[in-house]
Amino acid sequence: MRILFKTNYKQDLNLAKHGGHRFWYGLLILVLFAAPLILDGYYIGEATRILIYAMAGLGLMVLTGFTGQVSLGHAAFLAIGAYTNAWFLAQGFSSFVALPMAALLSMIGGLLVAIPAARMSGIYLAIATLAFAIIVEDVAGHLNTITGGNRGMMVDVPILFGYQIWESWELYLFVLSVLVAATLAVLNILRSPLGRAMIAVRDSEVSSQALGVNPMKIKVFAFTVSAAITGLAGAFLAHYMSFLTPQIFGILLSIQLLLMIVLGGLGTVHGVFFGAVLIGVLETGISIAKDIMPSSIGGLPGIEPFVFGAILISVIVFEPTGIYGRWIKIRSYMEFFPIYRRKSFKRQRAYLKTERLR
Amino acid sequence: MSFLEIENLSISFGGVKAVDDVSFAVEEGSVYAIIGPNGAGKSTIFNLLSRFYEPLSGLLNFGGNDLLKLGAKDIARLGIARTFQNLELFEHASVLQNLLVGRHVHNSQSWWRQVLFTSSVIEAELEHRRKVEEVIDFLELAHYRNQMISGLPYGVRKKIELARALCIEPKLLLLDEPSSGLNPEETEEMGFWIEDIRRDLNITVVLIEHNMSLVAEVSDRVLAIVNGRVVAEGDHAFVQSNSEVVSAYLGDVQ
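Respectively, the protein sequence lines represent chains A and B.
Taking the working numbering, the leading residue of the first sequence gets 1, the next gets one more, and so forth.
Taking the working numbering, the leading residue of the second sequence gets 359, the next gets one more, and so forth.
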């Protein structure tokens, strides 16, 4: 068990709170960057997919996990990012233009949704974002000149300084660097006034207003940041897929993203990564299992959604705080080893809240 | 002109006149108590002051500012802080984070600086932290600083909500039933704090309260409301002896 001796308020602002954090997170980043030395192309490809999921999940977590705004349409931002990136690359621009444009256009999309959506909450917001996703998918299907319509669109490889990224490990490192930067940005937001305001809006809009927070502004901010990060993820997804059709960005992808952050642990950055790894590994595992199993079972349609659904239900029933919540429990079990009590994490009763004012 | 002036304030929900032609004024540096039976419209007055509700008619004036021209989110910036009757803390955040949200009105860092967490943001954060620590010291909350709200007992939460309001560095503090749910000891403590807040921090306090001994202890003036109407205003002895107040609380004498 570690007891921190704090001598300075600045210590609480640090991302890595103590030597243990610095060591383990440093090691993790090192291992991730060194992974191409060890793993072969197939697994690097799988890892790239997980990183892209994590980036998209990070975007959704900003909105849903930290600001409390449910989005059932985040695939739309992936689509905007993917097509924008592909289009700009096709016009001969480098990734230095295409990637920021993907983020920017997605951001504008986010802003367009946010302005009406900031006035909605709960189920209405979910339906509105779902509608947005369907519209985007439809538009992508009909804008033949830009997106290639339903016939699809080839995606050029990323170009940096005139260098074309062909190898899967190069793409992996590219995605990883951007993901690290995006994660740092999100962590920075979370430890500054904006992040606290987001959490305030999530937990009690009424009292956040009484404290001078403008919930509308915070929600719009969360939407734009979320859309920008998800748009970037979309841009990389385009490279990963190397061929885009509107069907990729259907409702199932949105739900999968939401599933990911709920499984990982809502309201935590760790949860994004746990969720992404779980979903990524499961997808691979299911497709491998399908090949092994007799075709009467393996050939059944809808095995993936079935497994995901079953897992989602069991997580909500048995561990609503997600994988990260479970990890916290295991960690404190080990820290307090002989004296850990199972009731340590039992939720205290929630006290009645002020009757909602609106 | 008084510090806080409320004139002919009315609001109705459906056919019910929740607040009916209420007027009162609060002097700077005083403690002003609002009493009345349940459903009398006391909290509604607070919610009108916080601009959560739009009044049917009336004037709200605070230090020369017309509150009716402002939105709910602008009230804190004027220096009006409040607590809620049934607690509105940010459950899934630490005590420290809750209190730091109270510093929101004092934040002037642009969003991109916050994303990059530049040195100016760090400086501002340290300053916010120092102010928050002053409040933590004042209300003796140091023990709970890093705990999550969702695991804390009611009495502590009540204190944290008061602390969060103080982090705004308000000029006017609206306390909605500060002693509800507290045991006699905690209630006495609350009374001392209200006195300290007025005397040491120089904050004007308006409180809604059912506990008459607390009201008698801390308040300079008392307003009694029954069914949305003012029935008496004056010092607590005067208000408590008023026959309408007595009948509202105890029933009519046969």
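Hints are not guaranteed to be accurate.
Derived lysine-lysine pairs resembling DSSO-like cross-links, with alpha carbons at most 30 Å apart [said to hold, decoys possible]: (1) B:489 x B:431; (2) B:375 x A:217; (3) B:427 x A:6; (4) A:217 x B:489; (5) B:489 x A:10.
Covered stretches of chain B (chain A as the covering partner; in silico rule of three or more C-beta atoms under 8 Å from a C-beta of chain A) [claimed, not checked]: (6) 372-385; (7) 554-561.
These are computed hints drawn from the structure, not numbers from a lab.
Where a beta carbon is used, it is the ideal one built from N, C-alpha and C, also for glycine.
- Item | Non-conforming hints, listed in increasing numerical order | Hints 2, 3, 6, 7 contradicted; others consistent.
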